[in-house]
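Chains X and E, in that order, give the protein sequences.
Heads up: the first sequence is residues 1 to 186, going by UniProt numbering.
Heads up: the second sequence is residues 1 to 316, going by UniProt numbering.
The hints are simulated quantities; they were obtained by calculation from the structure and are not laboratory data.
Please note that the accuracy of each hint is not assured.
Stated by the list, open to error - The list that follows gives simulated cross-link-like pairs (lysine-lysine, DSSO-like), each with its CA atoms no further than 30 angstroms apart:
| id | chain 1 | residue 1 | chain 2 | residue 2 |
| --- | --- | --- | --- | --- |
| 1 | X | Lys91 | E | Lys234 |
| 2 | X | Lys53 | X | Lys64 |
| 3 | E | Lys136 | X | Lys129 |
| 4 | X | Lys129 | E | Lys277 |
| 5 | X | Lys96 | E | Lys234 |
No experiment lies behind these values; they were computed from the predicted model shown.
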Amino acid sequence: MFSISKLVTGLSRVVHISPPPNTLLLETSIRLEASSLLVPSKGTVRYRYFEDKPKVLMRKYGYKDKMDFKGPLPRIPTGMPLPMPLYQPKKNWTEKKALFGQNDYIDILGDQEGLKPIMFQTHIPQWLKGFHGNEFQMLIRKHKMLGNRVASRPQEWHNLRKRIKYLYRFLNYNTKSFMDKKVLRR
Amino acid sequence: MQTLKRLSIVSDLFGLSKNFKDIRSVRLYFGSEIHPRPYSSTQATIIDDKTNETAVIQDDEPPKEAALIIGRQLDFFNPDLRLARQAWVENLDTVEERKLGLVDLHPSIFGAFPRTEIISDNVVWQNLYKHVNWNKMETRGERRGGGRKPWPQKGLGKARHGSIRSPLWIEGGKAHGPRGPKTHFYMLPFYKRVHGLCATLSVKLAQDDLKIVDTLDIPSEDPKFLEQLVEARKWGISVLFVDDSDIMPRNIALATDSIHHINLMPLYGLNVYSMLKHETLVLTLAAVNKLEEKLLFHLNRNDSMTPARRYQNAHV
Chain X
1 MFSISKLVTG LSRVVHISPP PNTLLLETSI RLEASSLLVP SKGTVRYRYF EDKPKVLMRK
61 YGYKDKMDFK GPLPRIPTGM PLPMPLYQPK KNWTEKKALF GQNDYIDILG DQEGLKPIMF
121 QTHIPQWLKG FHGNEFQMLI RKHKMLGNRV ASRPQEWHNL RKRIKYLYRF LNYNTKSFMD
181 KKVLRR
Chain E
1 MQTLKRLSIV SDLFGLSKNF KDIRSVRLYF GSEIHPRPYS STQATIIDDK TNETAVIQDD
61 EPPKEAALII GRQLDFFNPD LRLARQAWVE NLDTVEERKL GLVDLHPSIF GAFPRTEIIS
121 DNVVWQNLYK HVNWNKMETR GERRGGGRKP WPQKGLGKAR HGSIRSPLWI EGGKAHGPRG
181 PKTHFYMLPF YKRVHGLCAT LSVKLAQDDL KIVDTLDIPS EDPKFLEQLV EARKWGISVL
241 FVDDSDIMPR NIALATDSIH HINLMPLYGL NVYSMLKHET LVLTLAAVNK LEEKLLFHLN
301 RNDSMTPARR YQNAHV
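Only chain X is shown next, with the shape it has when bound in the complex:
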């Protein structure tokens, strides 16, 4: 066995040259002097220029789009918090929620006579406990039950009297009856 480099004259060392891209290569044979050995080599036939074209046409070269289109919302990592409170799920077993409705059947199941469930609703003010009515009825009730507040809350009392006077005139002179549409809307 003898090396090929000795056969190919004029070359001191073997240089490997990669063929240009997108070239159609054809295998050719070079006949050497010293032997009848066929060494196949590749030569260019033609250059496929269309392969170098970009598959997607690039527009606005060098332009950086500040909107990042990944995901449902813009996510720009600026490090600042979003202008929205962090989601916290509702706590369904706080004491208030867990024991909601606790004494609602105390008149049925309780030991003491004369107990009513509305007595245990401490979040309702005195003049609204066990009451259901329209604004006019509510204001009259407040006026008669909280008369001792006149001196300590003069502005509130003044407004209350004004409102009662206005509602009396409106409901009695401007509406047909207490079941009028204008009343029910209130």
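Could you slot chain E onto chain X? The hints should help.
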């Protein structure tokens, strides 16, 4: 045979749970160790195995252990007209379940027809009757300022106005806004509420969510004991323990303090909303006695205008 036939029809109609047992043939199975326990309820009877007449075991072999709690005295009850419901009495001492006996439950309370519209009305009432809507918007008379005419009527070329607090102006009063605290108070008819309780208890029993326990005494105050117990017995995630008094034993009070979905309640606090919110309802035997006493009194009293019978039908 007739009672057996009636039993099968009733259980088919209402889809009763596996808690229901045939009164005629009761096979009582108990664990390997049963320790005698003092039981202080007035109505339960502690019967020896030898003098037991209600539990008829049709097997040839005698039972392994003696039943501690069998039978209960049911008032206002005619066994020929209606069939009593039954439930196991369990213990709370150990994580593993041990049956201490089988007790009868009154059918008017625990076998009432589950009228869902009545249960719904009760829940809606519980939510609404104590709700107050505090929304209020000031009218032009209540807003500060606005007494003076801002500019003369004519001559300026501006629109004519009488006050800076009219509803047309920014920061003016609201003409037809919400006015003052609005209450939604109303009382549901008394016997509708009574039947609401009965229907919910019946639903709980029929769906295997009602457990009867002898007392609420547990061995340790560690919440893990209760969690393991609830896990082992496949009780719901949330449990409501009901006792007849409002002073609870120390251990269970400390254990349930840290677990928010396991709650304690006295009998007078029992209500439809809580029974539906908590998956499992656990009643002590004393609570069951008192509950029956109260509800049966109301269902059978003859001094009211609206008889309780109106809500006991299967339909409106």
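These are the hints, each one checked on the structure:
The straight-line distance between the Cα atoms of lysine 91 of chain X and lysine 234 of chain E is roughly 24 angstroms, inside the 30 angstroms bound, and the hint therefore holds. A hinted pair counts as satisfied when its Cα atoms are at most 30 angstroms apart, and lysine 53 of chain X with lysine 64 of chain X qualifies at roughly 22 angstroms. Restraint check: the Cα-Cα separation between lysine 136 of chain E and lysine 129 of chain X comes to about 18 angstroms, which is no more than 30 angstroms; the hinted pair holds. For the suggested pair lysine 129 of chain X and lysine 277 of chain E, the alpha carbons sit about 26 angstroms apart, so the restraint of at most 30 angstroms is met.
A C-alpha spacing of about 26 angstroms is found between lysine 96 of chain X and lysine 234 of chain E, which places the hinted pair at or below 30 angstroms, so the restraint holds.
Of the numbered hints given earlier, the model fails none.
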